[in-house]
Amino acid sequence: MSTATQSFSRQDAGPQSADERVEGAMRSFAKEFGALVGMNIESCIHCGMCAEACHFYIATEEAKYTPILKVEPFKKIFRRESGAFAPFFKLFNLKSKITVEELEEWQELMFDSCNQCGRCSLVCPMGIEVSELIEIGRRGMYDAGLAPKELADRARYQAEHGHPEEVDKPYAELLSEIGNAHDVEIPLDKSKADVFVCAPRNDMISNPSAVAAMAKVLNKLKVNYTFASNAIVAENYGHYAGSRELQKTISLRIIDAAKKVGAKTVLVPECGHAYMALRWQAADLIGEELPFKVRHVTEFLAEQLAVGKLKLNQVDDEATAFHDPCKIVRKGGVMDAPRELMKALGVNLKEMANHQGYSFCCGGGGGVNDLERAKPLRYKAQELKLHEIDATGARRFLTSCSDCRVAFEDAREYFNWDKRPESLVELVAANIKE
Amino acid sequence: MSILEFSRGPMLHFALIVFVFGVLWRLTATFLLGFRQRRSEPRVTKGQAMAGGATVLGMRSWPHKEFIGRTAFGEAVGYGYHIGLFTIVLLGAPHVLFWQNLFGFSAPWWPTLPGGLITFISILTVMLMLIATIRRVGHPVLRRISNFDDYFTLVILYALMLTGLMTVLGIGGRYEYILAAHIISFNALLIWFPFSKLMHAFYIFPSRFLNGYMHAKKGAAK
Numbered sequence: 001m002s003t004a005t006q007s008f009s010r011q012d013a014g015p016q017s018a019d020e021r022v023e024g025a026m027r028s029f030a031k032e033f034g035a036l037v038g039m040n041i042e043s044c045i046h047c048g049m050c051a052e053a054c055h056f057y058i059a060t061e062e063a064k065y066t067p068i069l070k071v072e073p074f075k076k077i078f079r080r081e082s083g084a085f086a087p088f089f090k091l092f093n094l095k096s097k098i099t100v101e102e103l104e105e106w107q108e109l110m111f112d113s114c115n116q117c118g119r120c121s122l123v124c125p126m127g128i129e130v131s132e133l134i135e136i137g138r139r140g141m142y143d144a145g146l147a148p149k150e151l152a153d154r155a156r157y158q159a160e161h162g163h164p165e166e167v168d169k170p171y172a173e174l175l176s177e178i179g180n181a182h183d184v185e186i187p188l189d190k191s192k193a194d195v196f197v198c199a200p201r202n203d204m205i206s207n208p209s210a211v212a213a214m215a216k217v218l219n220k221l222k223v224n225y226t227f228a229s230n231a232i233v234a235e236n237y238g239h240y241a242g243s244r245e246l247q248k249t250i251s252l253r254i255i256d257a258a259k260k261v262g263a264k265t266v267l268v269p270e271c272g273h274a275y276m277a278l279r280w281q282a283a284d285l286i287g288e289e290l291p292f293k294v295r296h297v298t299e300f301l302a303e304q305l306a307v308g309k310l311k312l313n314q315v316d317d318e319a320t321a322f323h324d325p326c327k328i329v330r331k332g333g334v335m336d337a338p339r340e341l342m343k344a345l346g347v348n349l350k351e352m353a354n355h356q357g358y359s360f361c362c363g364g365g366g367g368v369n370d371l372e373r374a375k376p377l378r379y380k381a382q383e384l385k386l387h388e389i390d391a392t393g394a395r396r397f398l399t400s401c402s403d404c405r406v407a408f409e410d411a412r413e414y415f416n417w418d419k420r421p422e423s424l425v426e427l428v429a430a431n432i433k434e
Numbered sequence: 001m002s003i004l005e006f007s008r009g010p011m012l013h014f015a016l017i018v019f020v021f022g023v024l025w026r027l028t029a030t031f032l033l034g035f036r037q038r039r040s041e042p043r044v045t046k047g048q049a050m051a052g053g054a055t056v057l058g059m060r061s062w063p064h065k066e067f068i069g070r071t072a073f074g075e076a077v078g079y080g081y082h083i084g085l086f087t088i089v090l091l092g093a094p095h096v097l098f099w100q101n102l103f104g105f106s107a108p109w110w111p112t113l114p115g116g117l118i119t120f121i122s123i124l125t126v127m128l129m130l131i132a133t134i135r136r137v138g139h140p141v142l143r144r145i146s147n148f149d150d151y152f153t154l155v156i157l158y159a160l161m162l163t164g165l166m167t168v169l170g171i172g173g174r175y176e177y178i179l180a181a182h183i184i185s186f187n188a189l190l191i192w193f194p195f196s197k198l199m200h201a202f203y204i205f206p207s208r209f210l211n212g213y214m215h216a217k218k219g220a221a222k
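So the protein lines, in turn, are chains Y and R. Going by this note's numbering, the first sequence opens with residue 1, and the numbers climb by one from there. Going by this note's numbering, the second sequence opens with residue 1, and the numbers climb by one from there.
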């Protein structure tokens, strides 16, 4: 039973033997065996409906991309090791031991063909949180030394250095250059601040105007905020790679920096997984409640709009489509803020057939953007999305996640698509009422 | 002791014991794994999160409009044979009598449907089960994710349905033997139940509720 169509890559995690890798995966998954996981695994009726919500399956019609199949090795481990009848299954070998070959085969299914977008969790008639199971599966894969090298290497580098790969110049310097280039003051390393801010590395490098836009809005709102030189990057590659420890270390860099300045709020920029990692996972990973609120920038701006601090001009009548980033909207719960901002801007919004909680993913989430070998599959899934956007008749295309913008920008080049993904926060910044 | 006496005597009692203790153990073992404490600041109150759980518990029975185009056929077939099975079990006169005898109570108020109608529903149910089976074998996704549990459960259900129909229609041999085969099939279902996907009949409630509860806490889509 083979599933792999793409070359398998192994993280460089030392000379682990096959048995040690399997043990690593099993130990890791066992850590997560709670009632919720158990319920999710035990409830599956093999109806296959999750496939009908997954863009990878819809685009390819390949059964191996069925979401619940992506966690099959871990379902097997659960039944054999922790299920109600585990001794029975073990005694009669009804669930065989997982092998390293199986885990290697499943790497593509857990990493390349899953954006952890969570759309499958909304269709399941049993209410199984499939994407959470896949996330737990990824953790098992990391502990088995079987996370894709690209993600694992970046996670380790980021945990050590604060950013995921070598850079020509320090991010603090880059931030200062962005401020100078866009004529906006960007506070760095203030000793006290109400709001602590970080920025997507994607934007710092490829779309610095989005970083400048966020600073511009905060300055206009007279927010007492700061960046910190040692915790500028919002992304969390530990989350992508499936490493609890690295994700925790990377989150702690921001948490500690925010604590140090006495921040009451940490503002997560336009970055979906950074929001998910900090807003909904960091407290659980460090084992204590966070001493500040975590807000996505669109959420924060919508709050400012609601209390009358932020006033916006009306934009032109250009037909506009908006892509809802999965980890901010569907999974993150920032359901209405982007539309409240667009309404205040008078955006002529043309909704896609699947929008808000039911939106299709950009195709790049969950670290897929970083996997070169996943590109052909990603483009197939993205084609679905591009058709949906085109069907709205929109000329302008907005979103509120830098990772999504990277994915759409790449697809734009590949398909020679006629739209450029733009930042919602940039549109807000350009239209603040004086 | 005849085969019929055995099937509705000691075998039924054994099957009921396996069913009751098996179901209880499987549910208990899952809950004993414990719930992790969630430390993130919730978006809503506990009451609102509970309401979110209740919403998914009920509303997930009907697919969201975004999915229905792709899932309608499978859902219709699934609903069809589930409704058929429940109707036969709960409103077929011989079954109502069986429940009353088994649990030792009299319920003259318990409504029943005419035998002919129940037979018709039974035939319809078997046909829907056939469609479901053909889908399971023929649909690439269903074939890929199906295992022994899926097929063995179907075998028991077919045995139960077909022996029931044979009993009513008087075909296949001596009535006592066919009835015994029907009751033995039911006993097999009870024994198999706790070990199988049939447990979804119980898991569906906590599973949907918890999904809705967790999503509501985040303000996420339900």
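Honestly, I wouldn't trust all of these hints.
In silico lysine-lysine, DSSO-like type, Cα no more than 27 Å apart, as pairs [as the list claims (entries may be wrong)]: (1) Lys65/R - Lys350/Y; (2) Lys197/R - Lys75/Y; (3) Lys197/R - Lys380/Y; (4) Lys220/Y - Lys149/Y; (5) Lys90/Y - Lys222/Y; (6) Lys293/Y - Lys222/R; (7) Lys46/R - Lys76/Y; (8) Lys75/Y - Lys222/R; (9) Lys31/Y - Lys65/R; (10) Lys95/Y - Lys197/R; (11) Lys264/Y - Lys46/R; (12) Lys197/R - Lys343/Y; (13) Lys222/R - Lys343/Y; (14) Lys197/R - Lys350/Y; (15) Lys149/Y - Lys190/Y; (16) Lys222/R - Lys97/Y; (17) Lys46/R - Lys90/Y.
In case anyone wonders, no lab produced these hints; they're calculated from the structure.
How the hints compare with the structure:
With a C-alpha separation of about 18 Å, the suggested pairing of Lys65/R with Lys350/Y holds against the 27 Å cut-off. As the CA atoms of Lys197/R and Lys75/Y are separated by approximately 13 Å, the hinted pair is consistent with the 27 Å bound. Proximity of Lys197/R to Lys380/Y is assessed by CA-CA distance (about 34 Å); at most 27 Å being required, the pair is judged violated. Taking the CA atoms of Lys220/Y and Lys149/Y, the gap is about 42 Å. The hint is violated against a cut of 27 Å.
The suggested pairing of Lys90/Y with Lys222/Y is violated, with an alpha-carbon distance near 63 Å, which exceeds 27 Å. A distance of roughly 24 Å separates the Cα atoms of Lys293/Y and Lys222/R; the hinted pair therefore holds under the 27 Å criterion. As the CA atoms of Lys46/R and Lys76/Y are separated by approximately 34 Å, the hinted pair breaks the 27 Å bound. Distance restraint check for Lys75/Y and Lys222/R: the Cα-Cα separation of roughly 24 Å lies within the 27 Å cut-off, and the hinted pair is therefore satisfied.
Between Lys31/Y and Lys65/R the CA atoms are separated by roughly 37 Å; this puts the pair beyond 27 Å, and the hint is violated. Distance restraint check for Lys95/Y and Lys197/R: the Cα-Cα separation of roughly 15 Å lies within the 27 Å cut-off, and the hinted pair is therefore satisfied. With a C-alpha separation of about 23 Å, the suggested pairing of Lys264/Y with Lys46/R holds against the 27 Å cut-off. Between Lys197/R and Lys343/Y, the direct Cα distance comes to roughly 47 Å. Violation of the 27 Å bound is thereby established for this hinted pair.
At most 27 Å may separate the alpha-carbon atoms for a hinted pair to count; Lys222/R and Lys343/Y meet this at roughly 24 Å. Restraint check for Lys197/R and Lys350/Y: the C-alpha separation of about 43 Å exceeds 27 Å, so the hint is violated. In summary, the hint linking Lys149/Y to Lys190/Y is not supported, as the alpha carbons are separated by about 37 Å, beyond the 27 Å threshold. Of the supplied pair hints, the one linking Lys222/R and Lys97/Y is violated, its CA atoms being roughly 35 Å apart against a limit of 27 Å.
The hinted pair formed by Lys46/R and Lys90/Y fails the criterion: a straight-line CA distance of about 40 Å is larger than 27 Å.
Hints 3, 4, 5, 7, 9, 12, 14, 15, 16 and 17 from the list above are not met by this structure, while the remaining hints are.
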